[in-house]
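Undergrad: Next come the chains, spelled out residue by residue.
There are 4 protein chains.
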Amino acid sequence: MKRIGIVTSGADAPGMNAAIRAVVRTAIPLGFEVLGIKRGYAGLLNNEMQRLNLRLVGSVIHLGGTILGTERCKEFMTDEGVRKAAENLEVNAIDALIVIGGDGSFRGALDLSGVCDIPIIGIPATIDNDVAGTDTTIGFDTAVNTALSAIDKIRDTAMSHGRVFVVEVMGKKRGFLALEVGLTAGAEKIIVPEEKRDLGMVCDRLKESHNKGKRYSIIVIAEGVGKTQEVVDVIRTTCGYEVRLTSLGYIQRGGSPTARSRLLASLFGSEAVKMVLNDERNKMVGLKKDRIESRSLKYVCESEKPLDLNLLRLAEELAI
Amino acid sequence: MKRIGIVTSGADAPGMNAAIRAVVRTAIPLGFEVLGIKRGYAGLLNNEMQRLNLRLVGSVIHLGGTILGTERCKEFMTDEGVRKAAENLEVNAIDALIVIGGDGSFRGALDLSGVCDIPIIGIPATIDNDVAGTDTTIGFDTAVNTALSAIDKIRDTAMSHGRVFVVEVMGKKRGFLALEVGLTAGAEKIIVPEEKRDLGMVCDRLKESHNKGKRYSIIVIAEGVGKTQEVVDVIRTTCGYEVRLTSLGYIQRGGSPTARSRLLASLFGSEAVKMVLNDERNKMVGLKKDRIESRSLKYVCESEKPLDLNLLRLAEELAI
Amino acid sequence: MKRIGIVTSGADAPGMNAAIRAVVRTAIPLGFEVLGIKRGYAGLLNNEMQRLNLRLVGSVIHLGGTILGTERCKEFMTDEGVRKAAENLEVNAIDALIVIGGDGSFRGALDLSGVCDIPIIGIPATIDNDVAGTDTTIGFDTAVNTALSAIDKIRDTAMSHGRVFVVEVMGKKRGFLALEVGLTAGAEKIIVPEEKRDLGMVCDRLKESHNKGKRYSIIVIAEGVGKTQEVVDVIRTTCGYEVRLTSLGYIQRGGSPTARSRLLASLFGSEAVKMVLNDERNKMVGLKKDRIESRSLKYVCESEKPLDLNLLRLAEELAI
Amino acid sequence: MKRIGIVTSGADAPGMNAAIRAVVRTAIPLGFEVLGIKRGYAGLLNNEMQRLNLRLVGSVIHLGGTILGTERCKEFMTDEGVRKAAENLEVNAIDALIVIGGDGSFRGALDLSGVCDIPIIGIPATIDNDVAGTDTTIGFDTAVNTALSAIDKIRDTAMSHGRVFVVEVMGKKRGFLALEVGLTAGAEKIIVPEEKRDLGMVCDRLKESHNKGKRYSIIVIAEGVGKTQEVVDVIRTTCGYEVRLTSLGYIQRGGSPTARSRLLASLFGSEAVKMVLNDERNKMVGLKKDRIESRSLKYVCESEKPLDLNLLRLAEELAI
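Chains A, B, C and D, in that order, give the protein sequences. Each residue of the first sequence is one higher than the one before, counting from 55 in my numbering. Each residue of the second sequence is one higher than the one before, counting from 55 in my numbering. Each residue of the third sequence is one higher than the one before, counting from 55 in my numbering. Each residue of the fourth sequence is one higher than the one before, counting from 55 in my numbering.
Simulated from the structure, these hints should not be mistaken for lab results. There could be a bad hint or two in this list.
No distinction is drawn between identical chains; accordingly, a pair holds when it is met within one copy or between any pair of copies.
[Unchecked claim] Derived pair list, reagent style DSBU-like, types lysine-lysine, alpha-carbon separation capped at 30 Å:
| # | residue 1 | residue 2 |
| --- | --- | --- |
| 1 | K359 | K328 |
| 2 | K92 | K266 |
| 3 | K343 | K261 |
| 4 | K281 | K227 |
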């Protein structure tokens with residue numbers, strides 16, 4: 055009998071519970087025992103763990119957040135913290151660790167792998183989709199749809215008042231969320247950190263649209279760009295339009311996962327256990343061209359996933 | 055054949071279209087002609103009007119915003135603007151005016167009633183519910199539910215991380231939206247402009263809850279309170295908890311109206327036309343104790359609707 | 055220290071959990087102990103109970119269904135079953151019983167009150183709204199909005215194809231749900247058990263609408279009418295239109311409660327405990343003209359709440 | 055100047071409007087004129103067409119259904135009908151035809167290609183996903199999520215009552231929808247036409263789950279299986295559980311498209327125009343392994359897309 059530890063780390067993402075369920079329900083029939091580690095790496099440092107069984111992961115597939123809890127853990131960012139974590143893995147007789155989280159969590163996992171010799175498998179779950187080695191992450195599709203529904207509501211007001219709305223979406227330092235939300239919301243302009251911001255061009259485009267008869271416009275901006283207020287001010291001053299700013303905020307992180315987030319979580323969770331079974335080490339399960347593939351945690355942590363700028367062009371071509 | 059003008063004014067609210075539909079479909083079979091005035095009072099000043107028929111208000115009952123458009127209109131706030139509006143009512147042979155909007159719109163209607171002698175009937179539609187003479191307004195129930203769904207998503211993250219979330223909701227200078235959202239979201243504390251803010255007490259309550267084993271808390275604050283960031287800072291400093299702020303913003307103004315907002319719009323729209331038929335003047339249709347009642351626009355503009363502080367107490371009693 | 059038993063009975067309704075929360079959190083600070091009875095009256099007969107505390111009702115205000123469970127219980131419908139229930143109330147030292155459910159549950163409560171002398175208080179919770187003594191019930195507003203959202207989706211297909219859709223909604227033997235859903239969905243025709251069905255008139259109306267240029271129609275029919283398929287067949291045969299039938303089914307019973315259902319649950323739950331405190335007996339808390347009022351269970355069980363046929367007329371007047 | 059005709063045909067699917075928008079806004083800047091054909095092939099036979107411009111496809115990206123309308127057209131299934139369609143294409147000087155629809159629509163398109171020599175390009179849009187040559191279709195993701203949300207509501211009642219729910223979903227003759235919905239809903243069992251139905255095994259599985267402590271179960275069955283009621287009856291008789299049946303019906307066809315459906319529609323619509331530009335003929339644009347690819351309409355009409363039975367196994371492994 056081998057024992058798998060499972061931890062959700064970093065920011066929560068919709069679908070983490072579906073992934074926990076998939077891990078537990080794949081592992082137990084294969085003869086593993088599963089230990090749920092609470093509150094992220096903080097729980098690993100404090101030995102807060104609970105044995106999970108088939109029933110404890112019942113009726114959670116549809117729930118946002120994580121039933122294991124998660125937390126920022128500064129101590130784990132120190133060498134001492136990592137060593138203590140490794141000790142606790144041994145103390146608790148954990149033979150393999152599955153980490154569900156984003157790139158910060160995987161950097162922690164990589165550090166941990168340096169001081170302990172059990173297999174560590176990562177499952178990418180973040181609404182930001184900013185993880186190399188996988189085309190998409192658990193929670194991303196949910197966040198895109200949540201932001202999209204929000205903008206569909208804002209559209210009512212934009213249309214009624216004939217206004218420009220600037221909507222700030224999450225995504226940390228990257229523009230994945232902004233790009234997909236902006237394209238599918240029909241946004242006039244999408245501003246992402248991956249492209250040089252040219253506010254003059256944004257204003258020209260708005261004026262052109264206005265002249266062509268567009269009564270309202272929506273601009274989606276990634277939080278990673280920074281200075282969203284400045285964008286609003288420049289448009290207001292340069293174009294003379296009524297401009298309103300809304301930052302969608304934390305609603306993007308919660309909510310019941312979409313089918314796609316649940317499906318991905320099921321595939322990844324099941325695969326992660328099989329990787330443990332095959333004694334694969336320090337890898338992250340991912341999706342490449344619609345196929346399950348794995349990459350080393352080292353690759354994941356050292357690479358940067360490119361943003362598809364062609365999609366950005368398409369979005370703008372269609373928003374005329 | 056008499057001609058009714060209809061205008062949506064001020065901020066848009068979900069259900070305005072259902073009200074327009076109700077007015078048109080009640081009025082036309084009674085022999086009226088209905089003229090839709092575009093872009094609020096701005097369209098009245100610029101003679102932007104369109105004759106409405108039964109089909110033009112088909113398939114709009116479920117749409118947020120207003121198909122007539124609305125806009126802030128500074129010119130209408132001047133004596134000259136009001137006079138011009140009165141002239142345009144006459145030029146367009148409008149025999150009665152139905153104004154769908156909030157208290158600002160009704161103040162404008164009252165001014166207008168001073169310089170023209172056609173009947174003016176108000177239909178209260180605002181997500182803020184800050185209109186005297188009616189227990190509730192078109193759009194309020196929708197906004198409450200939109201904010202509530204947003205907080206239900208935020209709850210996932212709050213629970214997962216064990217954090218305090220401060221959520222700012224709309225409501226202009228009043229706490230109606232915050233109160234109903236806070237109570238139904240199970241918020242630990244609701245901060246409204248109608249009550250003296252006592253941050254010390256807020257912090258005491260949070261600490262007490264925390265000691266009782268509550269892992270997360272949600273605080274709802276009305277935008278009318280101002281200084282939301284200060285609240286966040288004081289809690290963070292005083293309690294030492296992780297605190298996050300989200301301002302729900304414009305999503306609260308849009309979206310498909312709830313059943314209650316559509317029902318209210320249907321009742322009010324139909325009644326407003328009957329009031330015109332009965333030559334009632336300068337009144338607003340409203341709902342008091344679940345019955346349709348009307349009050350003079352003067353009363354509406356000069357009165358302040360009290361907030362039910364008992365509900366505020368109930369909310370706090372149940373959030374222990 | 056007195057002990058209150060609480061049971062959810064009959065069909066589940068969204069908001070039952072918010073009511074349980076309100077009861078527990080009002081009762082405990084007043085010095086009561088609260089015992090949750092599982093699986094409806096079946097749990098009372100089988101002594102399946104659990105002491106509830108403040109934390110156990112945390113994070114449930116937004117959940118549909120009932121955390122206590124509910125079940126049909128044939129045994130309770132016999133004299134012997136009722137006697138056994140009374141015995142179990144005594145065995146478990148329950149000093150008062152709060153029953154959350156619909157009219158069937160209240161009939162059971164009334165029977166029980168005949169053989170035991172503890173106060174029994176009813177809280178009306180059913181999506182059907184078919185309970186006398188209260189204008190509305192916990193869960194009704196949620197079901198109306200769920201059905202309405204469903205019809206808004208069906209509208210897309212109806213519009214695209216230019217079809218007639220017949221939508222069957224729940225409501226048991228009554229038309230409350232159909233009426234409110236139909237009115238707010240803009241249904242061409244609403245068929246309820248409270249009115250004689252005149253299919254000829256329905257067909258005439260559809261043909262008239264069609265001739266007036268309406269490209270699609272929605273007909274809402276209450277399940278209590280029966281023979282929905284017949285309605286479909288007659289329209290198809292008589293009018294020659296493409297007609298589609300959808301029965302919304304069980305989605306109407308679940309889902310997160312709306313603000314209004316949660317508010318009602320909070321008010322009713324709190325009031326029910328105060329009624330126990332005041333030693334009121336065998337009553338149901340209710341809402342009349344927007345005020346909390348109580349009526350005897352006897353009145354509730356023997357009376358029939360009228361359907362507002364004026365609303366039915368309004369719905370049809372506005373759907374032209 | 056070339057003229058492209060565009061038609062939506064067969065059953066409507068969410069995202070068709072986003073596809074129309076993408077076609078129009080890609081084509082016009084390239085110098086094409088776009089003629090919208092109304093009511094599917096019926097409108098082609100009746101010369102019901104409207105020139106589309108950039109503004110007419112504004113504010114439709116989020117709307118379900120199709121602004122062009124669609125209809126079954128028996129006449130088009132005859133040789134004469136097809137010839138008349140070809141004539142009308144010529145009469146209206148249409149140089150290329152873009153058909154948005156499912157496999158029935160593409161069979162029609164293939165027939166049409168036999169008697170006219172303009173390029174015909176198909177865009178796959180159907181909630182059933184039963185189209186060869188593409189991994190997924192416009193509307194499929196939306197329908198999956200709609201059905202999933204419905205089942206999440208039903209789960210509340212299933213959990214509260216401890217019942218078995220059998221939920222019938224759409225999918226015509228195939229199990230794509232049932233599979234993805236069932237897996238992501240955590241259904242105990244998914245019954246699809248692609249697998250021999252073994253009700254004995256279904257009952258064994260339910261009993262086993264029940265014995266393991268599962269209090270409720272959800273079974274998803276594709277409409278293509280037929281005899282859903284029989285499944286319900288057998289379970290009820292064999293297992294002795296309370297079983298409820300819900301057929302989700304037409305709600306699965308409507309609603310605002312998800313991000314994924316809108317993204318697919320944007321990609322496909324844009325690509326279809328480029329295929330016209332490159333004089334490609336009688337092909338369908340599709341997505342294979344996350345890349346845009348095209349296949350001949352002949353291949354699409356003659357091939358059958360396999361259902362991924364591994365996913366079916368995964369679903370069952372995770373629902374223990």
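Undergrad: At most 30 Å between CA atoms: does that hold for K343 and K261 within a copy, between copies, both, or neither?
TA: Answer is neither; intra-copy 39 Å and inter-copy 39 Å both fail.
Undergrad: Tell me, please, which holds for K281 and K227 at an alpha-carbon limit of 30 Å: within, between, both or neither?
TA: both (13 Å within a copy, 28 Å between copies)
Undergrad: When no copy is specified for K92 and K266, does a C-alpha distance of 30 Å or less occur within a copy, between copies, both, or neither?
TA: between (56 Å within a copy, 20 Å between copies)
Undergrad: Check K359 against K328 for me: Cα-Cα at most 30 Å, and say if that holds within a copy, between copies, both or neither.
TA: So K359 and K328 pass the 30 Å test inside a copy (26 Å) and across (28 Å) alike.
Hint check: a violation occurs at hint 3 only; the rest are consistent with the structure.
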